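Work from the hints to combine the two standalone chains into their complex.
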Amino acid sequence: MSTRLKEGGRRIDRAKQVEFTFNGKRMSGFEGDTLAAALLANDQVMMGRSFKYHRPRGVVASGAEEPNALVNLGEGGKFEPNQRATTTEIFDGLTAASQNHWPSLDFDVGAINAKLSRFLPAGFYYKTFMFPRFAWKHLYEPIVRQSAGLGRVPKDRDADTYEHYYAFFDVVVIGGGVAGLMAAKSAGEAGAKVLLMEQTPHWGGRAPVDGGEVDGKPVEDFVAATVAALEAMGNVTLRTRMMGAGVYDHGYMLGYQRLRDHAPAAKGPRHRLWRIRAGRIVTATGAIERPLSFAGNDVPGVMLASAVRDYVVDYGVSPGDRVVVVTNNDDAYRTAIAVKAAGLSVPAILDARAGGGGALAEEAKAQGIRVLNGMGVAKVHGKKRVEGVAVCRQAGEGAVEEEIGCDVVAMSGGWSPVVHLWSHCGGKLVWNDKYAMFQPNPEASPTGADGEGFVLAAGVAAGAQTDTDFEGLGLYETLRTAVRAGTQAAAELGFKTRDVALPTVSEHDEVAMEPVWLMPQGAGAKLRMKAWLDYQNDVKVSDVQLAAREGYESVEHTKRYTTLGMATDQGKLSNINGLATLANALGEAIPQVGTTTFRPPYTPISMGAIAGEARAETFQPLRRTPMHDWHEENGAHWEPVGQWRRPYCYPRKGESHAAAVAREVMATRDSLGLLDASTLGKLVVKGPDAGKFLDMLYTNMMSTLKPGRCRYGLMCSENGFLIDDGVVARIDEDTFLCHTTTGGAERIHAHMEEWLQTEWWDWQVYVANVTEQYAQIAVVGPNARKVLEKLTDEDISAESLPFMAWKDVTLDGVNSRVYRISFSGELSYEIAVPASVGRAFWGRLLQAGEEYGVTPYGTEALHVMRAEKGFIMIGDETDGTVIPQDLGLNWAISKKKDDYLGKRAQARSFMDNPDRWQLVGLETVDGSALPDGAYAVAEGTNANGQRNVQGRVTSTYFSPTLGKGIAMGLVHKGPDRMGEVLDFPGTDGKTYKAKIVDPVFYDRDGEKQNV
Amino acid sequence: MLILDCPYCGVTAEETEFHGGGEAHLKRFGPGSSDEDFEGYLFHRENPRGVHFERWRHVNGCGKWFHVARDTATLEVFGSYSAQVTEPPQEIRDAITAKRPGWRWREFA
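Quick note, the sequences are listed as chains A and B, same order. Take the first sequence: its position 2, counted from the start at 1, is 2 in UniProt numbering, and no numbers get skipped. Take the second sequence: its position 17, counted from the start at 1, is 17 in UniProt numbering, and no numbers get skipped.
Just chain B, with the same shape it has in the complex (with noise of 0.2 Å):
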């Protein structure tokens, strides 16, 4: 059962609090996307052994969805950050960079 921050309201709590929402930074396609964009956005997701984006909602606490860089097979947590975000922020990746040199998830690095 992890330990996750929720940034918002700033309690670190287990795992039970929260509730998972997948992957993040998911690009939204709506009508006129072509069929491979839309299957990509509904059905393709990473799949990584390491670094990995997530959603996160803090269900039973402040209600508020956040994202979270962690380790999936090391279970670190590199940090929780704002779900009003299209791409991880500079500082996040800045704390993976310094543990894990050369991470590389979608476009990101």
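This is chain A alone, in the form it adopts within the complex (with noise of 0.2 Å):
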């Protein structure tokens, strides 16, 4: 039984019931109890099942690096699975629930994964899941999906909110116990401006309940007063329940508040993530306990002896009445202690040094508890809950001495600094070997962008000093090496500091751990199978060892090999015992085995506090051109192009979306369409040397266009690949304006200032992105002359504006530039008016264009025509690998050029040569739509056994002028194979025939928009 114990309790406000279900059943705690310990008390110790074998888990630990003990937390819109019990605090109807069962915790038909586990070794997956191939998508797909994940996925939106907040700080100290508070202090009261994070509800971390005095007071009364001359100094922030999520570059860091986990009621946003710049970084961030490997050390109610401490103390709980220790090192001692002082039983104490533990081993026999030295665990009884532990020589190989009765085991094998946000952007550690640990080394901290190190580790962080006489992990070295640190950070960044005076500490003095990295050391292969490193992923001692004795040498091939510390408390508890096996297996030293990199963030972090605002509308900004409005009144249906969002058509009430499309071509191809182009980029280049320089950026000459005059160009990159197409018109001798492509204005415009600024510098352009400002509009079809002639009395005959040419003309009084410029085929004009005015003008077109039936057309009926009309579209006929020469398209390329970009790349023996794809027109022999993206198959296969390729679909559509399916694609020398049929397969098996034939359907001689 766990239950509430009569008195104590650090933590928890007795006065204040809280009431939570577990699985449905109702269950009461007290205020300031974390899950873990309300379960406790209501007797709850499984609390879950484990990854891969489905063991029955109970709590092991009390704090973040909790592998066992995680719920789906909340429902609907609040729900969260792989919450960790130990810290979640717990609030007035809270829902929890347990995760990887069925049907029940309590019964799990997934626990037939334990009885075979002789069959489910390390690497179980690359091994089985093999052969058959056929086998993988069938068979083992769909049964490893089913049995994988812990949590249930939610299926909710999330209802909560959460934010983004920067801040920028001298130093920062992530950790609020005696450390961090000391550290915090002395950089304070040197004058930075410090920010103290604390991932708990509480300053003090677990000094108060290890014990001990600071000026003759308890540790308790020290950590009040700190936290108290903290707050009243105005240049210190303190947060409590805000993790160091993660250290990066140059002092940034991540915090991660929760600022309403624990009070759901109240307003404002569930998690605020802090995007931090910090002078220095204090890490004050303690150290976690580690298991100890015997067989059983995972059955519910074996925990740490420190976690049986704090439930003990913090909580007032109980985790059974009779509490085994089995311990490496002194501090063990200390909960033995405090269960006899709580009223409960300690049967033994089994230290695993021969020569046993110092004045914490005095002061429990002297209270008569019962220590055997030199002794360890052979292994625990019980299934669902400890019934005893077997005792051995931990010399020895497991030979039974004494069965003791108990129903918690509290283990330790020493304890390891928290380095990880140390090491999160590359600070170095070093092995301490006395103590058997990783710790930061001093002299290899994260550097900043001046060179020096901006992490500083205080307190047993920092790990075991060897520049002192008080050597270890105690209280008075924890004070003294945040006073350092704290110190040294604000002095670092030039502040004035002054040596501050420690405080005296009255502790015990401790003797040596020894490290135990198996139970006992010569354990046969039947105990080793059943020592559990990794909880949560089922990893055991005998599946590192066999990694080893398969080859597996690297840390970090047997880590993803037999997923040792990859669970969602990432290694924390117990990666160090895996290394140390691996070591021992390799036989190798433990820090020539290294660690597994640490990665941030340091617990997992919430996916909303990581998108903070940027959801839904604020997730990007939408773009709209001035006649965006009228097209949603109008029932555009939208296509997303770039972050603008343009009409794909104008489906009419019962009109579907392709008939919509085949009305809008024949309206325009027979009388008036008009186009917004409004978002096709806009870039005015200017400038003495304007015309040299769009020589060099388009494959054409620029330089002798006639000012009123447009000319289509092509653009590459110094790859020789066609990146931008698009109607350059020039305004007068020193000014172009250079239209892009919807998607490129911007990297084009980008492109352009790149090689002004880094090539040709000395040369006078000035390149200006003018997209915005202007509302264009395409007037298309046999009649949009008649209707501009409507609006003006200016001349605009074909004589006076003939194709691709451009005029400044007034229209109804707008002041307007129209371009004789056409994408369709048809007579069309591009009219360019102020944006502010773009609305009212469409407006004015679409009264004007009435008697001609005019029909606003859009993304989709564009595409149709200009392919109907055999004109590429970048991105379509183009993905990177594209040349000018592929797509026909050498007349708009220079001869008489000596240079511009891709000139050179485009001479490379594979691109100057014929055996490439290139563009064709592509005409189903059934005058059905090809499937777009589909490939032309040639004969044989390729060394993947995969059918060869010749050529692939670019564009397809149904034309409605033509009343057949056109396309167009790229086919191994296509233009020189005119009338051949290829089969193209699609993927709804058929295979459709096409014949390869020129790819301009329509108007071939362009009469239609030369008119």
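Don't take every hint at face value.
In silico lysine to aspartate or glutamate, DMTMM-like type, Cα no more than 25 Å apart, as pairs [claimed, not checked]: (1) B:K64 - A:D689; (2) A:K807 - A:E772; (3) A:K895 - B:E91.
Computed footprint of chain B on chain A, listed as stretches where at least three residues anywhere in the stretch have a Cβ under 8 Å from a Cβ of chain B [what the hints assert, rightly or not]: (4) 246 to 258; (5) 442 to 456; (6) 748 to 760; (7) 896 to 910.
Pair by pair, the computed Cβ-Cβ distance ranges are [to be verified]: (8) B:E23 - A:P621: 30 to 36 Å; (9) B:E23 - A:Q643: 27 to 33 Å; (10) A:E75 - B:R100: 57 to 63 Å.
By construction, these hints were calculated from the structure, which means they are not laboratory data. Every value quoted in this text rests on a predicted model; they were computed, and no experiment measured them. Every residue gets a Cβ at the ideal spot worked out from N, C-alpha and C, and that includes glycine.
Next comes the structure, spelled out in structure tokens:
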């Protein structure tokens, strides 16, 4: 039985009862309880099942390192899986459910895996699912998907809000234990602007639980006084429930503040992600206790010694009546003493050290606790609860000397400094042989922009120092290194610091720990198969040893092969045990094997916090043309194009999109269509060298263009590949207006700036992106001129404004620039007016065009019409590997120019070569439309056994004008193969037959546009 | 996330304001150049562990390109300078020499 003690509990308020449910069962706890503490108080020792074998699991830790007690929290839009019960504060109405079991926590079908564990060794997935090949898709993958994952995936949209917050501090201290408090105080007193963050709701860390005195008073009083002093300092900011999530380049770090997880009824964002720049970062992150590796160390009731102590002292919870302590260090004796003080029984302390412990051991003995030196646990009895332990000699192979009945095993394999945040940005570690732990190497801190180290470790997180007589991890050392770190941080930033007098401390002297990586050290295969390293992922000592035998020498490879440390706790609890096991199996020293890489975040942070405010409408700005609202009011079906929305078509009531597109095409070809072309990029290129500059940017000659005329141009990268196209208009001798594709405006502007600034910086050219300054409307169709003539008295006849010319015209009182260019093959004018009058002008054109049945058309009609004319589209016919020569655009490549971007590249042997895929038209034999992106197959297969290919479809549409499917594609030596019929297998199982034809399907001589 | 100084507008800003543009001080080879020269210009890049010269653009700022000398391993920034030069200026080289005596990068030292 685990239960609530009659007295005690530093963190709980017994006057305030809190009601919550676990797996639908009503339970109660007290304000200040964590969910794990409250569950233990309700005798709920088993809290989940492991990932692979579905073994019954209880809580093992009391903090962020917990691997077992993960729950689904909340419901609906508040649902969140994989939440650690040890860091979840309870509140009235909390609903929690255990994970990874079916049908119930108590009876789970998946537990059969445990029976099969002999057949599920390390690397099981790699070994088993390889053959036969077809079975992966039909058998293995569905099964693996069914059984993979712990918590459920949320189904509803997150109902909470989140925010990002930018902050700048001189010194950020991570960890609000006694070390963090002291470091913050030291830096603050020097005048630095300090932020101190603590991931739990409490200041002081575990020092008050561990005991000792500061300045003759209990540690708790020292903590309270220090917090009060910090709160009185205007330059110090204190935040609890805020975790240091990650440390990044040049003093950047993330703080993850949980504002409302404990008070969901409160208003405001749930989490706040602090994006902080710090001059110095002090990691006062403490240490995490290690489990011991003995058989059955995962049975519910086997817990870290420190966790047992926390539950008793902090929450007034008894994890069980009889607690056997097993340890390799002095610290665990504190647990025995605390348990005994709470009125519970400690049948024995098993100290693996032959020499036993120091002063704390004497105190335990004085209280009548039986201490067995040189002894360990051979195995734990019990399945869903600890029932007892078999005691053996640590030096032996596990011969049982004695059986001891108990409900709880409190284990301690020593402590590992929390070096994660130190290591995130490249801080190096050194191995401390005496304490068997990795600790920060202060000579190799992560460095900032100035080349100086910007992270300092303080307290236990700094490890055991060698520059002192007070060696160890005790309270005095913690305070001493904290003062040193805080002072040094401030001094390095130029603040005047003074010597801080250290408080007097009384504490127990401790005898050194002795590393114990396997208990007993000679444990046989049967015991090793039950000695867990990674609890959540079910990695045992035997698995790591198997990996070593199979040739895995790198710790990073072993990690991925065995999944050691890949669970949600990321190896916080016990990775060091796994590293040591691997080192022993390889016959190497632990520092030679090394650690896996520490990566942010320290513990998982919510997706919501990462997204912050960037969701829904605010995820990305939406660019609207001046006519956007009209499109919306008139039923436009939108197509996203970059950050713009463009009408795809304007379906009428009951009309399909295909029918709307066909109607829009036919109306434009027969009479008059209107297109909102405002999204096209418009770049003004101006200056005495503008012509020379554009000659370098475009493949064709632009400097010879006459003012008043337009020319279609192609732009290539220095690699020779086509990157953009568009019409260039020469405004005057020094000024060009370059149209780009909708998606290319910013990119091409940047491209121009790059060459101007970094290569031809002596050329006198200025580029401005005026895309949004103009509303641009294409007036298209046989009646286009007639409708414009209604709006002006000026001469816009074919003689005055011929094809590929432009003219400034006042249309209905609006200053307009009319470009006579065509992307549809029709008589067509693109009219640019100031953006501010765009919407009104669009309305005026609709009015004037009414007698011609004016029809606004969308991007799909535009695409169909350009394809009918064989015009290429950047992004359809091009994909970054296509040169203009592939597209039959040699006519747009100047032969006279010495140089242009891409010219040298296009002379490379594989570019200047007819053996390429080239543009052709494709026409299905039966008149249907080819599937988009389909490949034309060739004879034979390639090295992978796939069919060889000889071409692919780049654009395909049903042409309402021609009443049949039309397509363009790139085909191997295509233009030389006119009339040949190719096979295009579709994803629908059918094979489409299409004939190679000329890509211009409509009005080959351009008679319609040139009237 | 790095902090860089823009030598044009004088702003010290977060990396998110800037955009990296690869190796600095490339010499362009155009039509008429040998295959080897052109290949080197297009594809061959330094990948040092240590001193490196890079192009950056103050994209979400003044829009100007500039050069940065920094250490790729320690992330130390030795200085930023104009993009309108074909080799690192002397004061930048001196700043690097002060921190990394004996450094070499391409033909520069």
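### Task
Would you check the hint for K895 (chain A) and E91 (chain B), treating anything up to 25 Å between C-alpha atoms as holding?
Distance of about 45 Å is beyond 25 Å: violated.
### Message
Under 8 Å between beta-carbons, do enough residues of the segment 246 to 258 of chain A, three at least, approach chain B for the coverage claim to hold?
### Response
holds (count 5)
### Task
Could you grab the alpha-carbon distance between K64 (chain B) and D689 (chain A) and see if it respects the 25 Å cut-off?
holds (20 Å)
### Query
In this structure, is the beta-carbon distance linking E23 (chain B) and Q643 (chain A) contained in 27 to 33 Å?
Between E23 (chain B) and Q643 (chain A), where Cβ atoms are some 30 Å apart, the hint holds.
### Query
Taking a Cβ-to-Cβ distance below 8 Å as contact, does the segment 442 to 456 of chain A have at least three residues touching chain B?
holds (count 5)
#### Entry: Satisfaction of the hinted span 57 to 63 Å by the C-beta atoms belonging to E75 (chain A) and R100 (chain B)
The hinted range 57 to 63 Å holds for E75 (chain A) and R100 (chain B), with Cβ atoms some 58 Å apart.
### Task
State whether the coverage of the segment 748 to 760 of chain A by chain B holds or is violated, taking the criterion as 3 or more residues with Cβ-Cβ distances under 8 Å.
Satisfied; 6 residues make the cut.
### Task
Determine whether the Cβ-Cβ distance between E23 (chain B) and P621 (chain A) falls within the hinted range of 30 to 36 Å.
This hint holds: roughly 33 Å between Cβ atoms.
### Query
Are at least 3 residues of the segment 896 to 910 of chain A within less than 8 Å of chain B when you compare beta carbons?
holds (count 7)
### Message
Given the hinted pair K807 (chain A) and E772 (chain A), is their Cα-Cα distance within 25 Å?
### Response
Within the cut-off at roughly 20 Å; holds.
Consistency with the previously given hints fails for number 3 only.
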